[in-house]
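> Sequence:
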Amino acid sequence: MTIPELKFEIKGDALSCGRPFPNKRLNVGMQKNRKAMIGLLLEYDKKVSHFTTQYKWYIEDIGIVQHNIKTIVLDCDFDLISQYIGLNIGLDEFKPRLHHSYHNAAPVKIQPMMESYRTGEPVNKLHHDVWENNVLLSRTETLLLHTLETDRLSEYSLLTDRLPQLSSAICI
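Numbering (numbering that gives the first Met the number 0), first residue to last: 0 to 171.
The reader is advised that the hints may include incorrect statements.
[What the hints assert, rightly or not] Straight-line C-alpha distance at most 27 angstroms; calculated DSS-like pairs for lysine-lysine:
{"#": "1", "residue 1": "31", "residue 2": "10"}
{"#": "2", "residue 1": "69", "residue 2": "94"}
{"#": "3", "residue 1": "6", "residue 2": "55"}
{"#": "4", "residue 1": "45", "residue 2": "6"}
{"#": "5", "residue 1": "55", "residue 2": "69"}
{"#": "6", "residue 1": "94", "residue 2": "31"}
{"#": "7", "residue 1": "10", "residue 2": "94"}
{"#": "8", "residue 1": "69", "residue 2": "31"}
{"#": "9", "residue 1": "94", "residue 2": "108"}
{"#": "10", "residue 1": "34", "residue 2": "6"}
{"#": "11", "residue 1": "69", "residue 2": "124"}
{"#": "12", "residue 1": "10", "residue 2": "46"}
{"#": "13", "residue 1": "55", "residue 2": "94"}
{"#": "14", "residue 1": "55", "residue 2": "31"}
{"#": "15", "residue 1": "55", "residue 2": "124"}
{"#": "16", "residue 1": "45", "residue 2": "94"}
{"#": "17", "residue 1": "6", "residue 2": "31"}
{"#": "18", "residue 1": "6", "residue 2": "46"}
{"#": "19", "residue 1": "34", "residue 2": "10"}
{"#": "20", "residue 1": "69", "residue 2": "108"}
{"#": "21", "residue 1": "45", "residue 2": "10"}
{"#": "22", "residue 1": "124", "residue 2": "46"}
{"#": "23", "residue 1": "69", "residue 2": "45"}
{"#": "24", "residue 1": "6", "residue 2": "94"}
{"#": "25", "residue 1": "55", "residue 2": "34"}
{"#": "26", "residue 1": "46", "residue 2": "69"}
{"#": "27", "residue 1": "124", "residue 2": "108"}
The set of hints was computed from the structure by calculation and includes no laboratory data.
Let the hints inform the model, and build the full structure from the sequences given.
So this is what it looks like as structure tokens:
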């Protein structure tokens, strides 16, 4: 996993797969020997207007698959950016911070997702997807995000204990 604009990289031997969701078909990349979490929390001391998260995975019986997420940061009102759409949706005192083009879309249609293997229709069919039979080999997607209040991490953790907290942030 790399984020070139931030000069951040986690090598394959430091990563593993985990299942933080009740749906056991959903796997996430995570730091090895850690509890399965919904993402990583990176601490970066500069403002960013965009960044690209690049994932390369080796999947047994499939081979190498690639997933690239181009994130465009729409403002600098707050100090958190999250690719986890669940944090961008309003809850209690937090207003929704979704780009207007996402307002009528279900979260599953917005959430970046690599669908390695499908027996039915894909959740999302994107223009740049590279499929071979029922296997998605490469996906590039763009995500438009507003910044968020850091307090969302602690407030939303009441709903799920799988959100990374400030104490677990990786400083880069």
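> Compare the structure with each hint and give your call.
Hint check results:
For the suggested pair residue 31 and residue 10, the alpha carbons sit about 11 angstroms apart, so the restraint of at most 27 angstroms is met. Between the alpha carbons of residue 69 and residue 94 the distance comes to roughly 24 angstroms, so the proposed pair stays at or under 27 angstroms and holds. Distance hint between residue 6 and residue 55 is fulfilled; the C-alpha atoms sit about 16 angstroms from each other, no more than 27 angstroms. Distance hint between residue 45 and residue 6 is fulfilled; the C-alpha atoms sit about 13 angstroms from each other, no more than 27 angstroms.
Between residue 55 and residue 69 the CA atoms are separated by roughly 15 angstroms; this keeps the pair inside 27 angstroms, and the hint holds. The hinted pair formed by residue 94 and residue 31 fails the criterion: a straight-line CA distance of about 34 angstroms is larger than 27 angstroms. Pair hint residue 10 plus residue 94 does not hold up; C-alpha atoms about 36 angstroms apart against a cutoff of 27 angstroms. Restraint check for residue 69 and residue 31: satisfied, since their Cα atoms lie roughly 25 angstroms apart, inside the 27 angstroms limit.
At most 27 angstroms may separate the alpha-carbon atoms for a hinted pair to count; residue 94 and residue 108 meet this at roughly 20 angstroms. A hinted pair counts as satisfied when its Cα atoms are at most 27 angstroms apart, and residue 34 with residue 6 qualifies at roughly 25 angstroms. Under the criterion of a C-alpha separation no larger than 27 angstroms, the hint pairing residue 69 with residue 124 is consistent with the structure, at around 17 angstroms. Of the supplied pair hints, the one linking residue 10 and residue 46 holds, its CA atoms being roughly 25 angstroms apart against a limit of 27 angstroms.
Of the supplied pair hints, the one linking residue 55 and residue 94 is violated, its CA atoms being roughly 34 angstroms apart against a limit of 27 angstroms. Taking the CA atoms of residue 55 and residue 31, the gap is near 16 angstroms; set against the 27 angstroms cutoff, the hint holds. Proximity of residue 55 to residue 124 is assessed by CA-CA distance (about 20 angstroms); at most 27 angstroms being required, the pair is judged to hold. Using a Cα cut-off of 27 angstroms, the hinted pair residue 45 and residue 94 holds, with the two alpha carbons roughly 25 angstroms apart.
This hinted pair checks out: residue 6 and residue 31 have alpha carbons roughly 20 angstroms apart, not beyond 27 angstroms. At roughly 14 angstroms between alpha-carbon atoms, residue 6 and residue 46 fall within 27 angstroms of each other, so this suggested pair holds. For the given pair, residue 34 sits about 18 angstroms from residue 10 by alpha-carbon distance, which is consistent with the 27 angstroms threshold. Restraint check for residue 69 and residue 108: the C-alpha separation of about 16 angstroms stays at or below 27 angstroms, so the hint holds.
This hinted pair checks out: residue 45 and residue 10 have alpha carbons roughly 23 angstroms apart, not beyond 27 angstroms. This hinted pair does not check out: residue 124 and residue 46 have alpha carbons roughly 32 angstroms apart, beyond 27 angstroms. Distance hint between residue 69 and residue 45 is fulfilled; the C-alpha atoms sit about 18 angstroms from each other, no more than 27 angstroms. Our distance criterion of 27 angstroms between C-alpha atoms is broken by residue 6 and residue 94, whose separation comes to about 32 angstroms.
About 21 angstroms separates the Cα atoms of residue 55 and residue 34, which keeps this hinted pair within 27 angstroms; it holds. For the suggested pair residue 46 and residue 69, the alpha carbons sit about 16 angstroms apart, so the restraint of at most 27 angstroms is met. Restraint check for residue 124 and residue 108: satisfied, since their Cα atoms lie roughly 10 angstroms apart, inside the 27 angstroms limit.
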